[in-house]
Amino acid sequence: MEMLNIKINGRDYTVEKNTTILEACHKFGIKIPTLCYLKDINEIGACRMCLCEVKGARSLAAACVYPIDREGTEIFTNTPEIRKNRKTTLELLLSHHDKKCLSCPRSDNCELQALCLEYGVNEKNFQGEDPRYEEDLSTLHLVRNNNKCVLCRRCVAACKEQYVSVIGANNRGFDTEISCAFNKKLADVACVSCGQCTVVCPTGALVEKDNTAEVFKALADPTKHVVVHTAPSIRATLGECFGMPVGSLVTGKMVTALKMLGFDKVFDTNFGADLTIMEEGTEFIERVKNGGTLPMITSCSPGWIKFCEHYYPDLIPHLSTCKSPQQMQGAMIKSYYAEKAGIDPKDIVVVSVMPCVAKKFEIQRDDQGRDGMQDNDISISTRELAKMIKTAGIQFVDLPDEEFDPIMGIGSGAGTIFGATGGVMEAALRTVADVLTGEDLKQIDYNEIRGTEPIKEATYEVAGMQVKVAVTSGLKNAAKILDKVRAGEADYHFIEIMCCPGGCVNGGGQPIQPGHVRNFVDLKGLRAKALYQDDLGLPQRKSHENPEIKAIYDEYLGKPGSHLAHELLHTSYVKREKY
Amino acid sequence: MQKKISSIPFQGTPEQEAKLKEAIANHRDDPGAVMPVLQEAQEIYGYLPLEVQTMIADGLNVPLDEVFGVSTFYSQFALSPKGKYHISVCLGTACYVKGSGDVLNKLSEELGIEAEECSVDGQFSLTACRCIGACGLAPVITINDDVYGRLTTDEVPGILKRYKEA
Chain P
1390 MEMLNIKING RDYTVEKNTT ILEACHKFGI KIPTLCYLKD INEIGACRMC
1440 LCEVKGARSL AAACVYPIDR EGTEIFTNTP EIRKNRKTTL ELLLSHHDKK
1490 CLSCPRSDNC ELQALCLEYG VNEKNFQGED PRYEEDLSTL HLVRNNNKCV
1540 LCRRCVAACK EQYVSVIGAN NRGFDTEISC AFNKKLADVA CVSCGQCTVV
1590 CPTGALVEKD NTAEVFKALA DPTKHVVVHT APSIRATLGE CFGMPVGSLV
1640 TGKMVTALKM LGFDKVFDTN FGADLTIMEE GTEFIERVKN GGTLPMITSC
1690 SPGWIKFCEH YYPDLIPHLS TCKSPQQMQG AMIKSYYAEK AGIDPKDIVV
1740 VSVMPCVAKK FEIQRDDQGR DGMQDNDISI STRELAKMIK TAGIQFVDLP
1790 DEEFDPIMGI GSGAGTIFGA TGGVMEAALR TVADVLTGED LKQIDYNEIR
1840 GTEPIKEATY EVAGMQVKVA VTSGLKNAAK ILDKVRAGEA DYHFIEIMCC
1890 PGGCVNGGGQ PIQPGHVRNF VDLKGLRAKA LYQDDLGLPQ RKSHENPEIK
1940 AIYDEYLGKP GSHLAHELLH TSYVKREKY
Chain D
387 MQKKISSIPF QGTPEQEAKL KEAIANHRDD PGAVMPVLQE AQEIYGYLPL
437 EVQTMIADGL NVPLDEVFGV STFYSQFALS PKGKYHISVC LGTACYVKGS
487 GDVLNKLSEE LGIEAEECSV DGQFSLTACR CIGACGLAPV ITINDDVYGR
537 LTTDEVPGIL KRYKEA
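Protein chains in written order, with my numbering: chain P, 1390 to 1968; chain D, 387 to 552.
It is possible that some hints are incorrect.
Quick list of in silico lysine-lysine cross-link-like pairs, BS3-like style, CA-CA up to 25 Å [what the hints assert, rightly or not]:
| hint | chain 1 | residue 1 | chain 2 | residue 2 |
| --- | --- | --- | --- | --- |
| 1 | P | 1967 | D | 405 |
| 2 | P | 1473 | P | 1396 |
| 3 | P | 1444 | P | 1406 |
| 4 | P | 1573 | D | 468 |
Computed far set for chain P versus chain D, every beta-carbon distance over 10 Å [claimed, not checked]:
| hint | residue |
| --- | --- |
| 5 | 1458 |
| 6 | 1598 |
| 7 | 1927 |
| 8 | 1962 |
Calculated from the structure, these hints are not laboratory results.
Small disclaimer: the values here were computed from a predicted structure and weren't measured.
C-beta: ideal position from N, C-alpha, C; glycine also.
Can you make the complete structure from the sequences, with help from the hints?
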């Protein structure tokens, strides 16, 4: 490793050869402003915010893509000329930006706004054309407003990283816009609803569809019994919306906040996750024993399901027929819980809090719900829940801890790790191994399939059988495995696929961290770590040991895979067009 | 100006499709194959509608939006078909100062189409072009191989009538 002696702003430093100016400055405590840069996926030097001076160079250099390759390189990051350049760049961006910060959903969490403040821009210095774009409201999961777009292309890179690429930079020069081919609306292209574009957008050009007003309305309606349930990963991410460190586990505060908001019952989707394991594990064992379609692929992630339906419809028979934990939980609230509580399911409003915006699509899918009722009525993201808590004036950080409500308030450790890549597979293996051996196995940490590597493979001996599994997240990685399955070259028995890179902890509905945090902090890893810690501390770490799961099968469903379980907890998929 | 997308139904023939598939096969392994294939496709079809771009995307295994991005970036690519009579209005400097902008507007009004569009009956298409080197005749338009110079807007309906009745 060759080291170089360099100067930054007149001070001496040593860096590894070919480190970019941006990375070097970060290492030495200098934040270089960026709008387009996303580590590894969008390194294009397009936005010109990161311009720095390299002594002797012909012009200012884009720090994000400038490798330091000469001994004695002298770099300046904060000269009057640089500040003037960055300020002018911002003012030019504002020349045709709609500047409606007061009503923008990203106000206060907007990278453009933050930079404008730092550089003291005059927003009227350049008067460009008025905003010209109609908002795209066509989908259930997001809103695209190109009047706030800065053409950084982060969303394009995120979409490409997901192997979807339904948005791109089209036309040219001043007319350039981020749009779908042939100017189609997002609802008319093969968008999988993952929402990764909303997490990386530095401004309010791509935001989730806000369903909080419907939730507030239901809460204010005395004729409605409003039940909420929160996905495994929310407890590991919600705190970020209130300035807490990445990876803070806030289960108890979250439950308290939900009760303060006025929900009649606060349930844990970890229960639904445990239920999924019971059904999916049973389905897997049956497929293995009866020569069913293998490898079986998990079906918890609605973005992944939609991807499969659009791009790999021939592999639909490989999908587990199990509904996702969200849908199972909703279905059980409107049947089992309604019956036990003596409430007409028509009077129940089920709200799910999800790390995901594809869940907004999933609740309205066909072959979900029963008797004309959806399993879940409203699905909101982590970000929307945070917004509700702020609107209600609840001081989240200082809240005491409370517990989820019975009869769906207990989740096992297996349920909680559903939120991270590898978690569903590990949860399934914990139960499948016990069921097949008839023992209470003590070795239940499947470390080979943990972690944020793109593709993980392992072979486990379960009751004398070699079970070969694969775990992947991010659709680009999924596509590699699916191509092998399609070509008949994959000898896996069971595959876990999560749509978003790193799994739900990095879902499209999770808290938005600005580029300078995203690029240098392992969000996926830290958030997942919180879930694995949660798992370790729980009294039950296997889904089938969850006492509420035992009760629901004893009292209501019979056994996993029963006729009633199939009616309520399983679903089907459809081929969708690619164009 | 953003590219106009034609709403005229696609009328490709099996022969054209076979030619396009051959072009795709010839370029499949080339880096940056989208551009040459789009060029050949435009020679085959005269323009690049959704159906053609979809075939290219599938054939080269690239996202449709990438194909569309290239086709809208370069001004030489057309998303609207050419009519039986293709009208080019020169907007080069000399023609422009002599009023070719007004001529273009008049043509647009008479034909009911904007620049870079084709009439629904497929008879006329209209485009604004750069200098065609006939500045002495400014303002100039061409209709297929016919050249009309020193035009005024009043002459436009009469000229169009000749082609409508031809």
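Consistency of the hints with the structure:
1. P:1967 x D:405: holds, 24 Å
2. P:1473 x P:1396: Within the cut-off at roughly 22 Å; holds.
3. P:1444 x P:1406: holds, 17 Å
4. P:1573 x D:468: It holds: about 23 Å lies between the C-alpha atoms, which stays within 25 Å.
5. 1458: holds, 26 Å
6. 1598: For residue 1598 of chain P, whose nearest Cβ neighbour in chain D is about 22 Å away, the distance exceeds 10 Å, so it holds.
7. 1927: The claim holds: residue 1927 of chain P sits with its nearest Cβ about 43 Å from chain D, beyond 10 Å.
8. 1962: It holds; residue 1962 of chain P is separated from chain D by about 22 Å at its closest Cβ, greater than 10 Å.
Violated hints: none; the structure is consistent with every hint.
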